[in-house]
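Undergrad: Listed here are the chains, written in short residue letters.
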Amino acid sequence: GQQLNQSPQSMFIQEGEDVSMNCTSSSIFNTWLWYKQDPGEGPVLLIALYKAGELTSNGRLTAQFGITRKDSFLNISASIPSDVGIYFCAGHKSGGSNYKLTFGKGTLLTVNP
Amino acid sequence: DGGITQSPKYLFRKEGQNVTLSCEQNLNHDAMYWYRQDPGQGLRLIYYSQIVNDFQKGDIAEGYSVSREKKESFPLTVTSAQKNPTAFYLCASSIGQGGQPQHFGDGTRLSIL
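Residue numbers (our numbering), protein chains in the order written: chain G, 2 to 114; chain A, 2 to 114.
By construction, these hints were calculated from the structure, which means they are not laboratory data.
Ideal Cβ placement from N, Cα and C applies to all residues, glycine included.
Keep in mind that the hints are not guaranteed to be accurate.
From the structure, some residues in chain A lie toward chain G, with a derived Cβ separation under 7 Å [said to hold, decoys possible]:
1) 17
2) 30
3) 32
4) 44
5) 49
6) 76
7) 107
Sample of chain A residues with no beta-carbon within 10 Å of chain G, all distances over it, derived [stated by the list, open to error]:
8) 7
9) 8
10) 12
11) 14
12) 27
13) 42
14) 51
15) 63
16) 64
17) 74
18) 82
19) 95
20) 114
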């Protein structure tokens, strides 16, 4: 199945820094989702986006649904050690099955205290 | 608490053996999914079910089988035909309408003895 292009693959930052990551696709998406996965656990939904241009926040996290509907961005402000984990983007592709999600390969975030 | 329960957390398979992974949800979700996660490859869809007594193959269904006899339960059998079964298996569910986010269990790690 198609994968989304998620970047960067990994990030190593200092506590307190801001973080940005993004996902891009050659196809149009109707929904963008951002998940966080801790080691040995399942992904947890952080933010869901349903409209082009939509900007949604969840605490220190902010995500945007790109205007072209082919990309999405996740920002984390003032990072803390518990932000460590793998962040995945996912989406429902326009014209495809609404039950099937396409996933990025993840961004591994490490925060140095 | 509502959620998705996967069991066991760890499972070992002998060569030639079938093993079954359990997934139960009490979220009253119509749709359920099974994913396989390998390092650096993101999540790949094995099977999904939109409704009781119905299921469809995902992108990597060979060597796996499922059943959906109850709304709450979607067990996955890893058969002896799956030659590389070592992976982290994730079950998810969503509200029946398309485009809704999927919610994940905490996974089962399957290894070969």
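Undergrad: If a hint holds in the structure, say so; if it doesn't, say that too.
TA: Hint-by-hint comparison with the structure:
1. 17: The hint is violated - residue 17 of chain A has no Cβ within 7 Å of chain G, the shortest such distance being about 28 Å.
2. 30: violated, 11 Å
3. 32: holds, 6 Å
4. 44: holds, 5 Å
5. 49: Since the shortest Cβ distance to chain G is 6 Å, the answer is holds.
6. 76: violated, 17 Å
7. 107: Residue 107 of chain A check passes; min Cβ-Cβ to chain G is 5 Å, inside 7 Å.
8. 7: Non-interface label on residue 7 of chain A violated, nearest chain G Cβ at 8 Å vs cutoff 10 Å.
9. 8: holds, 13 Å
10. 12: holds, 14 Å
11. 14: holds, 19 Å
12. 27: Given a closest Cβ separation of 16 Å, the condition holds.
13. 42: violated, 7 Å
14. 51: violated, 6 Å
15. 63: The assertion about residue 63 of chain A holds, with a minimum of 14 Å to chain G.
16. 64: The claim holds: residue 64 of chain A sits with its nearest Cβ about 17 Å from chain G, beyond 10 Å.
17. 74: holds, 17 Å
18. 82: Consistent with the label, residue 82 of chain A stays out of reach of chain G, its closest Cβ about 21 Å off (over 10 Å).
19. 95: The assertion about residue 95 of chain A is violated, with a minimum of 7 Å to chain G.
20. 114: holds, 20 Å
This entry does not satisfy hints 1, 2, 6, 8, 13, 14 and 19, going by the numbered hints stated previously.
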